[in-house]
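Residue numbers (this note's numbering), protein chains in the order written: chain A, 18 to 423; chain B, 10 to 137.
Derived by calculation from the structure, the hints in this document are not laboratory data.
Incorrect hints may appear among the rest.
What the hints assert, rightly or not - Restricting the straight-line Cα-Cα distance to at most 20 Å, the calculated cross-link-like pairs of lysine to aspartate or glutamate (EDC-like) are:
| # | chain 1 | residue 1 | chain 2 | residue 2 |
| --- | --- | --- | --- | --- |
| 1 | B | Lys-21 | B | Glu-116 |
| 2 | B | Lys-121 | B | Asp-34 |
| 3 | A | Lys-81 | B | Glu-52 |
| 4 | B | Lys-21 | B | Asp-70 |
| 5 | A | Lys-81 | B | Asp-51 |
| 6 | A | Lys-81 | B | Glu-53 |
| 7 | B | Lys-121 | A | Asp-44 |
| 8 | A | Lys-81 | B | Glu-116 |
Because the structure is a prediction, the values reported are computed rather than measured.
So the chains spell out like this:
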Amino acid sequence: MTALEVAYRTHSRRVLATLIRVLGNFDTAEEALHDAFAAAAQSWPREGEPANPHAWLVAVGRFKAIDRFRRRARLERALPELSAQLELEGEAAVSHSDEEIADDELRLIFTCCHPALSPDARIALTLREVAGLTTEEIARAFLAPVPTIAQRIVRAKARLREETSPFRAPSLSEIAGRIETVLHVIYLIFNEGYSASGGAQLVRFELSREAIRLGRLVVGLLDEPEAVGLLALMLLHEARRETRTTASGEIVLLEDQDRAKWDRPQIAEGVALVERALESRRFGAYTLQAAIAAIHAEAPRASDTDWGQIVSFYDVLARVEPSPVVLLNRAVALGMRDGPAAGLEAVEAVLATGALDDYPFGHSARAEMCRRLGRVEDARVSYERALRVARQEPERRFLERSIARL
Amino acid sequence: MRYICLVYLEEKPLEGQLVPGFVVDLGMSRAHEVAKACNAYDEELQSRGHLILGHPLSPSDNAITVRVRDGKMSTTDGPFAETKEVLGGFILVEARDLNEAIRIAAEMPLAKLGSIEVRPIHVAGASG
Chain A
18 MTALEVAYRT HSRRVLATLI RVLGNFDTAE EALHDAFAAA AQSWPREGEP ANPHAWLVAV
78 GRFKAIDRFR RRARLERALP ELSAQLELEG EAAVSHSDEE IADDELRLIF TCCHPALSPD
138 ARIALTLREV AGLTTEEIAR AFLAPVPTIA QRIVRAKARL REETSPFRAP SLSEIAGRIE
198 TVLHVIYLIF NEGYSASGGA QLVRFELSRE AIRLGRLVVG LLDEPEAVGL LALMLLHEAR
258 RETRTTASGE IVLLEDQDRA KWDRPQIAEG VALVERALES RRFGAYTLQA AIAAIHAEAP
318 RASDTDWGQI VSFYDVLARV EPSPVVLLNR AVALGMRDGP AAGLEAVEAV LATGALDDYP
378 FGHSARAEMC RRLGRVEDAR VSYERALRVA RQEPERRFLE RSIARL
Chain B
10 MRYICLVYLE EKPLEGQLVP GFVVDLGMSR AHEVAKACNA YDEELQSRGH LILGHPLSPS
70 DNAITVRVRD GKMSTTDGPF AETKEVLGGF ILVEARDLNE AIRIAAEMPL AKLGSIEVRP
130 IHVAGASG
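For reference, chain B alone in the conformation it holds in the complex (with noise of 0.2 Å):
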């Protein structure tokens, strides 16, 4: 099965531009320190065969979102609802069940500053 891990942080201004809200309040220094973990969780996502594909995203403030009602289409700025988390990233990755998706979310060193959604990926013929 595969499960996408959507990343939602918290962003804060920082010189007159959002940032993921841990680079505000850790400082510069320790903000290296999480992305170091990152990109080494990744590689460990990777070696194992867990790890499809995963990005972060740019700041929400270059988010649009489109919708089509009645045929015509519409764009609202910014993310699509407004809370104080947005999607500032995701993964998708390879589980046997739901709850190793959940293991694996949960070292991410970004589940200890935001939140992870785990959703399984639609598989087409297959029901829930």
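Chain A on its own, in the form it takes in the complex (with noise of 0.2 Å):
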């Protein structure tokens, strides 16, 4: 990697989100953060880098903006008074310490997570324009075309330029209204570069990184405890990745996984995360869930889960987000606690509201419980019944042999 290349990953996302608040609109930003690297090449083999690189890179983006609409507005007699305000605005609104640089960030975030957009748009946008991915990279994450990926960028600013005008950065009570969307997005993100479904390996760890990046960033910022507790919960899963497959892809358990290989600061960090944000008796679901994630985490061996704990946190966690899946992991955890039959009914119960006919998971959460009772017929009944609505190759193996075992 050149010193610019480095210095344009370094860089670029923070320049671009001061350039967006400073311009007030995305492609113009991004227009100015390609010509302020542009000249960063020219100048900075010559004269070297400068002391602050941020505040070089959206000065001179910004002049250079000035600059094109000038040049415009003669050519085409338009926009003179758009370059007159920005040059009113002036130096000013060049962010310079860390922490007016994150706020520029973080604002780029909750204006992505506007609520005028679809869910998958505020995702593409947040990943392109926050995260800097690329079309591309964003199209290769969630299997889609990339002309797809492109138009839903192209739609989402077009949406933004309408709800927003002029464009304008949410306020402190906006923002305040907006933490759950942007917690989502975040956590959506991560789920996506974490789940085991396809894509490129290289692409879906960054997601997985950038997302607890963003989720730093918010912590930082802003005191609600969900924010802590959603990133407690996702570095304790990244403390496992390795160990949740094989190097040929295969889903390793819970249980089978090599306790050995987790990464023990990771998971120290989140477990700190989980104690404060419980601490706030503000918490929610992602709070419930990572302080679950803390207790598999820190058992030293699979039998030493403290099953009970973990029941009563699904127990609080069914109250605050009563869906079919966490009302399986419930049954599973009393399964553990209390033995199969117990888990068996409770599985069953929840399996009898039909709400979880099509996933997979369901039906091999009964399949184990019959197993453990030595119901070997049923126990293969029902991981066929899996097999039938699995959709992922991964999946479809590690219930195969499942099944073969029994």
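Take the two lone chains, each set in its own frame, and fit them into one complex as the hints suggest.
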């Protein structure tokens, strides 16, 4: 990597965030970012990297944007008021301190998570504008055609221009109202990078890392226990990334994972964050899931797991978020605490609602309880049912292996 | 990444020859302004490191389409498809991703008069 490529990786996302605030428009800011780095490519090798690269790049980008406005105004006899306004705002608009820069980034996340956009559009826009991924990388991560993602981004930007006219960053009260959406987008980005479905491994890894970076950013700037809980949840999952699959991509269950390979410093950080969020007494679903992940992470062996405590957290979680998957996980934990007969009864109660008919792990949970009770035929029926609704290859192979072992 | 921006324009007859439709529709003096704007934008793209190559094409009645089927070559007069708009020129640009290429295409003066197809240049060994 050349020095300039390193500088691009280090500074481009934050410079863009500031330029979007200063210039008030995504496309103008992206052009300005390009121009700023083009100018850096000319002058930095000659004069050395400036003491404050961020400020330098923002100042140059802003100047180039004004320059271009002026030239186009001459050519098309339009937009003179825009460049005049920009010049009035002057250098004061350029952020300098780390805090101001983080502020710009955070503001941008909240802009990308505007309630007028669909969840898909929020994710695509956040990944491109905040995380700095290219359209092609986003398409690879979501296994979607590149033009589909490109159009989603184009439309999202157009929608934002309509919604916020003239373009305006969200106020503090709006930020508070959008925190839930923002955390959800960050969580979806993380899951996309963490889930076992296809896509380029490297991009997936980068998605999870970026989600954690965004999580840290939100935690650093807003006093929000659920943001702390989400960051903890991501760190605790990420700490186990290496052990969740074999080198050939086969699923390894939590109880079979090599706990010696779990990332202990990351777990320690996650656990401390869980404790901080729980102490606030204003926590929600992310914190509770993180608390459960923390109990798993702290058990030296699978057999040491404190299932009693896990069931208690699931009880609270089921009140906060009574989704079928949460209820299923609670039933499985109950089976670990009270034995497979109690577990089977609880799992079957959840399955009877029909909400998990297409969810392979509902059927495989029943199969597992039956297997432990020695009801091999019942186990086989449920595993085969799971296999019929499994969509991903690693899931299918995992279920086939389970059937073969019966 | 490299992207080609294919500029499609309607053609109209003028003094017995096909010319880009806007020349007829806008009149000569406005058509000159469009040409000037196109040149200015080419220069801008050049100075910003986006432009690799760009050319207008001569009218489509000069086009001939070649294909080989079962070892036999055949030619057809005119552009490949019978549509109102024909390929009028192209610009090959360097852009970070498809959305940047779209942004560059959207600012081409001819985007207001015709339509521009943006396609990535195939890179050997890359998928998609």
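Task: Restraint status (C-alpha distance of B:Lys-121 to A:Asp-44 at most 20 Å) - done: With Cα atoms ~18 Å apart, B:Lys-121 and A:Asp-44 stay inside 20 Å; holds.
- [ ] Measure nothing beyond the straight line between the CA atoms of A:Lys-81 and B:Asp-51; if it is 20 Å or shorter, mark the hint as holding.
- [x] 17 Å, holds
Open item on the list: Just to be careful, I want the Cα atoms of A:Lys-81 and B:Glu-53 compared with a cutoff of 20 Å; is the pair within it?
Closed with: Satisfied, since the Cα-Cα distance of roughly 12 Å is no more than 20 Å.
Task: Agreement of B:Lys-21 and B:Glu-116 with the hint, judged by alpha carbon distance not exceeding 20 Å - done: Roughly 24 Å between the alpha carbons, so the hint for B:Lys-21 and B:Glu-116 is violated.
Task: Distance restraint between B:Lys-21 and B:Asp-70, which requires alpha-carbon spacing of 20 Å or less - done: 11 Å, holds
Open item on the list: Check whether the Cα positions of A:Lys-81 and B:Glu-52 lie no farther apart than 20 Å.
Closed with: Since the Cα atoms of A:Lys-81 and B:Glu-52 sit roughly 15 Å apart, the hinted pair holds (cutoff 20 Å).
Task: B:Lys-121 paired with B:Asp-34 [C-alpha distance capped at 20 Å] - done: Cα-Cα ~13 Å, so holds.
Open item on the list: Holds or violated: A:Lys-81 and B:Glu-116, Cα atoms, limit 20 Å.
Closed with: 17 Å, holds
Comparing the model with each earlier hint shows a violation of hint 1 alone; every other hint is respected.
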